[in-house]
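Assembly of the complex is requested from the two constituent chains, each provided in isolation within its own frame, with the hints serving as guidance.
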Amino acid sequence: MSYSDKAHDHPGHDEHDDHHHGPAPGLMRWITTTNHKDIGSLYLWFSLIMFFIGGAMALVIRAELGSPGLQFVDPMFFNSMTTMHAIVMIFGVVMPAFVGLANWMIPMMIGAPDMALPRLNNWSFWIMPFAFTIMLSTLFMDSGGPAGGWTLYPPLVLQMGDSFAFVIFAIHFLGISSVMGSINIVATIFNMRAPGMTMMKMPMFVWTWLITAYLLIATMPVFAGAVTMLLTDRFFGTSFFSAAGGGDPVMFQHIFWFFGHPEVYILILPAFGIVSSIIPTFARKPLFGYDSMVYATASIAFLSFIVWAHHMFTTGMPLAGELFFMFSTMMISVPTGVKVFNWVATMWRGSMTFETPMLFAVGFVIMFTIGGLSGLMLAITPADIQYHDTYFVVAHFHYVLVPGAIYSLMAATYYWIPKWTGNMYDEKLGKLHFWISTIFVNVLFFPMHFVGLAGMPRRIPDYNNMFADWNFIATVGAFGFGFSQLLFVYIILKCVKGGEKATDEVWEGARGLEWTVASPAPYHTFEVAPAISPDTVTR
Amino acid sequence: MTSGVYRWMLLIVCTLALPSVSLADWGALNMPVGVTEISGKVYELHMRIFIWCCVIGAAVFAVMFYSIFKHRKSKGAVSADFHESTTVEVIWTVVPLVILIVMAIPAAKVLIQMEDFSDSEMSIKVTGYQWRWQYEYLDEGISFYSQLDPAHNVARQADAGIDVGEIENYLNEVDNPLVVPVGKKIRFLHTAADVIHSWWVPAFSVKKDSIPGFINENWAKIEEPGIYRGKCTELCGRDHGFMPIVVHALPQEEYDTWVSEQKMKTVSTDIDAIRQWSKAELVATGEQVYGANCASCHQKEGQGIPGMFPAIAGSEIVNGDIGKHVSTVRDGVADSPMQAFGSRLSDVDMAAVITYQRNAFGNSTGDTLQPSHLRSLRQGARQSALDLPQNKLKGVN
Chain A
1 MSYSDKAHDH PGHDEHDDHH HGPAPGLMRW ITTTNHKDIG SLYLWFSLIM FFIGGAMALV
61 IRAELGSPGL QFVDPMFFNS MTTMHAIVMI FGVVMPAFVG LANWMIPMMI GAPDMALPRL
121 NNWSFWIMPF AFTIMLSTLF MDSGGPAGGW TLYPPLVLQM GDSFAFVIFA IHFLGISSVM
181 GSINIVATIF NMRAPGMTMM KMPMFVWTWL ITAYLLIATM PVFAGAVTML LTDRFFGTSF
241 FSAAGGGDPV MFQHIFWFFG HPEVYILILP AFGIVSSIIP TFARKPLFGY DSMVYATASI
301 AFLSFIVWAH HMFTTGMPLA GELFFMFSTM MISVPTGVKV FNWVATMWRG SMTFETPMLF
361 AVGFVIMFTI GGLSGLMLAI TPADIQYHDT YFVVAHFHYV LVPGAIYSLM AATYYWIPKW
421 TGNMYDEKLG KLHFWISTIF VNVLFFPMHF VGLAGMPRRI PDYNNMFADW NFIATVGAFG
481 FGFSQLLFVY IILKCVKGGE KATDEVWEGA RGLEWTVASP APYHTFEVAP AISPDTVTR
Chain B
1 MTSGVYRWML LIVCTLALPS VSLADWGALN MPVGVTEISG KVYELHMRIF IWCCVIGAAV
61 FAVMFYSIFK HRKSKGAVSA DFHESTTVEV IWTVVPLVIL IVMAIPAAKV LIQMEDFSDS
121 EMSIKVTGYQ WRWQYEYLDE GISFYSQLDP AHNVARQADA GIDVGEIENY LNEVDNPLVV
181 PVGKKIRFLH TAADVIHSWW VPAFSVKKDS IPGFINENWA KIEEPGIYRG KCTELCGRDH
241 GFMPIVVHAL PQEEYDTWVS EQKMKTVSTD IDAIRQWSKA ELVATGEQVY GANCASCHQK
301 EGQGIPGMFP AIAGSEIVNG DIGKHVSTVR DGVADSPMQA FGSRLSDVDM AAVITYQRNA
361 FGNSTGDTLQ PSHLRSLRQG ARQSALDLPQ NKLKGVN
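Chains as they are written, first to last, in my numbering: chain A, 1 to 539; chain B, 1 to 397.
Since the hints were derived computationally from the structure, they do not count as laboratory data.
Just to be clear, a hint being listed does not mean it is correct.
[Stated by the list, open to error] Which residues of chain B face chain A? A partial, calculated answer using Cβ under 10 Å:
| hint | residue |
| --- | --- |
| 1 | 83 |
| 2 | 154 |
| 3 | 155 |
| 4 | 217 |
We put the CB at the ideal spot given by N, CA and C, even for glycine.
So that you can see chain B by itself, here it is in the shape it has in the complex (with noise of 0.2 Å):
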C-alpha cells in the first residue's frame, strides 16, 4: 500500500475526531477520587495498577516494535535458530508473579477494611424496585420511595421533542434525594423486591447488589457535604437506565433538622389519607402517580405493548369490578411484571391512580375510590387476617 493511501485515512479519522475531540468533556476521563476514606483507597490502588499494567505494556511493546522495525526481511534480517530456553521462560514466569504479589498486598488491605462493617452509627434500608429505590431509616422511622425526576422522565420519552442536552444533571436527578450526615459510619441494608439491582454511588465508592430475598450490606463514612450522583448497575428490565441515586449529604445540625421536617411531613400526610377528596382532585394527583408509576409499561396513553404490558384502556379490569381492579394494583399479578404496589404507593395515591385509570383513555367509569376507603379496606384486612384460622375451619378462604 502506499504511503498516499495512508495519509487519506489518517485525514479522515482526524476529520471524524476533531469536532468531537474540540468539544470532548475532558473530566469524563478517569475514576473520582470520591469523598470516602475507602474511594480515596480504591482510587490510589486503580492507578497503581494502572500505571503497572502502563510499564509493563510500554515494556513489551518497546521490544516487539523493536522487532518489528529490525528484524524484517526487507532490510535483510536473518532469522536466528534459537527456539527455547528454560533461563527465561523461568525469568517471565517469576517476574510478573512477584509483581502480582507487591499489587495483591495493599489490594487485600483495602478490602478487608471494606468489609468491615462494625461499629456503624446508623443504618438505612435500601431496597430496589422496578424501577425506584425505597430508603428506610431504620433509626429514625422514616421511610420515602426516590425515583428519576418527573420533568427528566417527560423529556427522556421517545416523542417528547425536548432537548436532552438543555436539560442539567440530565438522568441524574431524583424526586426525593437520599439525605445523609457527613463524618458518621452509615450502614447500608441492600435488598430488593423484584428483581436484581445494583446500588452504585462511585463517590463513596459503594456499589452492592440489591438482591430479592436476601440483605447486603455495605457503609460509607462521607467526608465533605455535597450532592453525589449514582446508577443502578445491575440490569433490572426496560427501565434499568432510569433509576438513578442522589444522596445529599449534610452537616450533622442541617441533618437534624431535615429529619424533624420528615418526621412532621408524616402528620400531615395522615391527614391527607382520611379527608374526604373531591373527583377532580383525585384525577389530577393520579395522573402524576400513574406518570411516574405505571406509564413505562402500560405506556403513557394507556395503550399498552401487546404481547408484554396490558392496555390501560378498555381494560376488564379497570371497567368492571373496582375490588378486583384494587387488589390487582395492591396485590400485582402472580409470575408477570405486575408488582404489587401496595406497600408502595400511599393510601391517597392508590386510590388518585385508580380513580385516573377508571376515568381515562376512554374508561368512563364515572367512580371515584377514597383513600379513606382504602384505609378501612386494609383494617379489614387484618381483621380477617386474624379471622384467618376459623375460616379455615370453615373451608373458606
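So that you can see chain A by itself, here it is in the shape it has in the complex (with noise of 0.2 Å):
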C-alpha cells in the first residue's frame, strides 16, 4: 500500500513517518495530489461552483417562464438551457459530489490510508475542469449550445451546429472520468479494507457506493458507444440512426436509456448510504435492517437495467413490450419502499435531536418518497402516455433530483464538514438554510405537477395563459430557492475559516472509523490498519 513516494522509498519504516509528507505547498499541491483528502476536496469545491452556474441557467430558464410571451431569451437559447442544466447538474454537480464524498469517507469508513489508485485519482479529476470547461465553451461559439435536450436524440441532435463535436467530446472525457473513478472506488473496497472490516460490516454509504460503480463500469461505455454512434453519422457518412440509410432513430434511445436508466440510480444510491449513515446517529440507534438494506439496493441496480423503455411509452413499442416495462417498473417500488420503511423503523422509538444533517436526512426521505410516489403513477403506462413530456415528469424527477440527491449532498456537507475542517458549522444558520430551501423547493416544484397534469408539455419556451399562475409560482420558488444557496456558501466558508473546535466523536450518536480520527482530519490517516470493534463499526 504505497500511498506516497516516500513511504515507497523506504518501504522498512512506515509506521512513524507521517510527519514527513504534509501537502506540498502552493498551488501545485492542487494539481499534483495524490491524496485522497485533496482529491475529495477538489471535487467538492469543483461541484460547488457548478451547482452556481447549473443553478444560474434554471434560473433562465424559471425567468423565461415566469409569464406567458417571450420575455427575455431566444426559443433556440432556451432550449440550449434546457440541455446545458441537465448536463451540467447530472455530470457536474451531483455525480462529482457524490465521488467527492466517496474520495473523502470511503478509505477513512473502511480504514484505508487511501485509495488504491491514488495518481488514477488525480486524473481522474482533474479531466473534469478540462471537460466541462469545452462543454460550457459551445455556450460561446456563433451556433450556440446543444440545444436537443440532455437526451441527445437523433435526428434533432444532428442539426446541431459547430458545437455538436465539441459536445460529444466532451462527454468522452467525462465518461473516461466517472469510468476510472469508478474502478478506483471498486479496487479501493476490495482491497483497502482494514482487517476484520468485513463487507457486511461495511458502513451502508461503502455499500451503496460499490453497487453505483459498477452501474458506472456497465452504463458509461454503453453511453459512450451511442454518442460515437453520433457522431459517425454526422461526420463519416454511417446511417446507425438515419432511417433513410437503414437505420433506426429509435435504436439511440433504446441505447441511450439502457445507459440513461441506471444513470439515475447513480445519482441517487450513494444518496441512500448519506441517509443510512446520518439517521442512525441522530436517532442514537443502529440503521434498521441493514442486511435488507444491502439487498434492496442490490436489487434496485439489478432492476434498473431492465426497465429503461418506460422512458419511451410513446415511441410505438409492441404490448409485450409495453407490459413487460410496466411490470418491471412497478417492482422498482417493492425495494425503494423497504428502504423508506427502514429509516422510519431506524427513527421509531430513537433519542432523535434535529441538528442540519439531521433535518436534510428527515426531508430527504419525505420529498424522496413524494418523488417516489409520483413515480409510482408514472410507471402505470396508460397513464404514463398521458404524463409523458410533461411537467408531471419534471416535477416528479426534480423532487426525487433535488429535495433528493441534492439534500443528500447538503446533509453529507453538514455531517461531515466538522471533520473535515476541524470546526463546526454555524448550526443556526444551517437550520435557517434548511428551512429556506424547504419552503421555496416546494413552492418551486409542487406545482409543476399541476401543470403538467393540465396539459402543459415540457421544454417550451411559452405556453397558454391557463398556466401563467402556476408557473409564476414556480418562478418565485425558483428564485428563492436558487439566492438561498449563497447561505450555504456562506456557511461553508465560514466554517472553514473557523469556529467551535470540532470534537473527535463530533456527534453523539456518530459510530464508525471516521469518527475515531482527530478533528480535522489529518493529511494521512490508517496509516496502521485499524483495530475493528463493536464501537468502531456502524452495525
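Below is the structure:
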C-alpha cells in the first residue's frame, strides 16, 4: 500500500513517518496531489461551483417561464439552457459531488490509508474541469450550445451546429473520468479494508457506492458507444440512426436509456447511503434492517437494467414490450419502499435530535418519497402516456433529484464538514438554510405537478395563459431557492475559516471509523490499520 | 431558531403566494377526463393510483411524524436497541407487492384496449414537420398543413409588444384545424419528415411519437362534438413550443359537408396554379408564406442567425441564378436544418415566396416566378426521371 513516494522509498519504516509528508505547498499541491482528502475536496469545490452555473441556467429558464410570451431569450437559447442545465447538474454537480464524498469518506470508513489507485484518482478529477470548459465553451460559439435536450435524440441532435463535435468530445471525457473514478472505488473497497472490516460490516455509504460504481462501469461505455455512433452518423456517413440509410432513430433511445436509467440510480444510490449513515447517528440507534438495505440496494441496481424503455412508452413499442416494462418498473417500488420503511423504523423509538444534517436527511426521506410515489404513478403505462413529456415528469424527477440527491449532498456536507475542517458550522444558519430551502423548493416544484397534469409540455419557452399562475409561483420558488443557496456557501466558508472546535466524535451518536480519527482529519489517516471492534463499526 | 423567525418566513411565503392564489386558474390542476372511452379509463387509473399513493404516503408520514414528535431526546426519549426483524421486512415487501398487483391488472387491461387498432372506420395520416403538422385523409384524398395561427405567431415574437394575456387560446390555435367525425373509430398513422415529434391530444388520451422513416399507429373514438386542443410533446427544435394541434369533432352530417367543401377547394387551387399572377400579388402572398414557413429560422427581416441560419438578405443564392434558388427551396440542403419544401408548399406558395425573397430585404433582382413555371418544371422533372436510364448510360447526371 504505497500511498506516498516517501513510504515507497523506505518500505522498512512506514509506521512513524507521517510527519514527513504533509501537503506540498502552493498551487502545485492541488495539481499534483494524490491524497484522497485533497482530491475529495477538489471534487466537492468543483461541484459547488458547477451547482451555481447550472443553477444560473435554471433561473434563466424560470425567468423566461415566469409569464406567458417570450420575454428574455430566444427559443433556441432557451433550449440550450434546458439542455445544458441538465448536463451540468447531472455530470458536473451530483456525480462529482458523490465521487468527492467517496474520496473523502470511503478510505476513512473502511480503515484504509488512501484510495487504491492514487494517481488515477488525480487524473480522473483533473479531466473534468477541462471537459466542462469545452462543454461550456459551446455556449459562446456562433451556433450556440447543444439545444436538443440532454438526451441527445437524433435526428434533432444532428442539426446542432459547430458545437456538436465539442459536446461529444466533452461527454467522452466525462465518461472516462467517471469510469476511472469507479474502478478506483471498486479496487479500494475490495482491497483496502482494514482486517476485520468484512463486507457486511461496511457502512451503508460504502455499500451503496460499491454498487453505484458497478452501475457506472457497466453503463458509461454504452453511453460512449451511443454518442460515438452519433458522431459517425454526422461526420462519416454512417446511418445508425437514420431511417433513410437503413438505421433507426428509436434504436438510439434504447441504447441511451439502457445507460440513462441506471444513471438515475447512480444519482440516488449514494444518497441512500448518506441518509443511512445520518439517521442512525441522530436517532442514536443502529440502522434498522442493515442486511435488507444491502439487498434492496442490489435489487434496485439489478432492476435498473431492465426498465429502461419506460422512458419510451410513446415510441410505438409492441404491447408485450409495454407490459413487460410496466411490470418491471412497478417492481422497483418494492425495494425502494423497503428502504423508506427501514429509515422510518430506524427513527422509531430512537432518541432523536435535529441538527442540520438530520433535518436535511429527514427532508430527504419525505420529499424523496413524494418523488418516488409520483414515479409509481408514471409506471402505470396508460397514465404515463398522458404524463409523458409534460411538467408532471419534470416535477417527478426534480423531487427525487433536488430535495433528493441535492439534499443528501447538503446533509453530507453538514454532517462531515466538522471532520474535514475541525470546526463546527454555524448551527443556527444551517437550520435557517434548511427551512428556507425546503419552503422554496416545494413552492418551486410542487406546482409543476398541476400544470403537467393540466397539459403543459416540457421544454417549451412559452405557454397558454391557463398555466400562467402556477408558473409564476414556480418562478418565485426558483429564485428563492437559488438565492438561498448563497447562504450555504457562506456557511461553508465561515466553517472553513474558523468556529467552535469540533471533537473527534463530533456527534453524540456517531459510530464508525471516520469518527475515531482527529478533527480535522490528519493529512494521512490509518497508516496503521485500525482494530475493528463493535464500537467502531456502524453495526 | 426562535419561533419569531418561523413566523416571518411563513408571512413572506404567504405574501408572495397570495396574489397568485387569488388569481389562480384552479382548472389547471388535474388531468382532464376527456371525451373518449379510453381517456375516461385512463383518468380512472390515474385517480386510483393517485389515491393509493396518497394513502401510502399518509401512512408512512404519519408514523414518521409521530416518531419525530414523540421519540426525541428533548422529550426524554431513550433509544431502543432493536435493529432488525425478518418478519416486518417480509411484511413490508409483500404488502406493497400485493398493492402493485391490484394496480397492475386494470392497468394492463386498459393498455391492451389502447393497443387494439382493429376495425377502424377511417384513417388519417399525421406527419410532423419542423414546425407544423400535415393531415392526409387517406380515404378522401384530402390533404393539408396545419400550423400556429398567424396572429398568434406575430404575437409570440419577442419584440411584438402585444399582451399575449389578451389573446384567447394563446398558442392553442391553428390556421387549418383537423376535422373529424364523432362516433367513428379513427385510426391515426404517425410519421415525421425531419426530426421526431409527438402528437398529443389530452382529451383523447392519444400521444404517439412521429418518427421519420417509421409509421406508428394510434386510434380514438370521440364521443362528443367539440374543439379539442393539443401540443407537440417531443422536443423538435427551436419552435417546438409553437406547433399546436386543434381538432374539430363534428357530427357525421356536418363532417360530410366539410369533406365535400374541401374537395371543391382543390379545384379552385388548381386554377390558381395555372393562371398568370402579377408581381404585386406574388409578393403579397409570398410575405405571408415567408412569415409562416421561413421566418422562424431566417428571421422576420431576413437577417438569419449567424452560424446557425443563413441570411436571406444579400444571400448569394437568392440574388443569383433563379434555378439554384428554386432547387434550394424545393429540395432543401442536405445535413442542415434547411428542409425540402417541395412537398409542403403548393406551386403558388413556392412561386410567391421565391418572388418575395428576391424582391425584399434589400434584394432587388426584380424577378417574378410564375406558379405555372414551377408546374411545368415539375412535369419536366418527371419527364427527365423517365429519361434517367438513358442519361446514366451517357454518364450524365
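Results of checking the hints against the structure:
1. At its closest, the beta carbon of residue 83(B) sits 4 Å from a beta carbon of chain A; the interface hint therefore holds under the 10 Å criterion.
2. Interface hint status for residue 154(B): violated, as the beta-carbon distance to the closest one in chain A is roughly 12 Å, over 10 Å.
3. With a cut of 10 Å, the hint placing residue 155(B) at the interface with chain A holds, because the nearest CB-to-CB distance is about 8 Å.
4. Given the 10 Å rule on beta carbons, the hint for residue 217(B) holds: about 7 Å separates it from the nearest Cβ of chain A.
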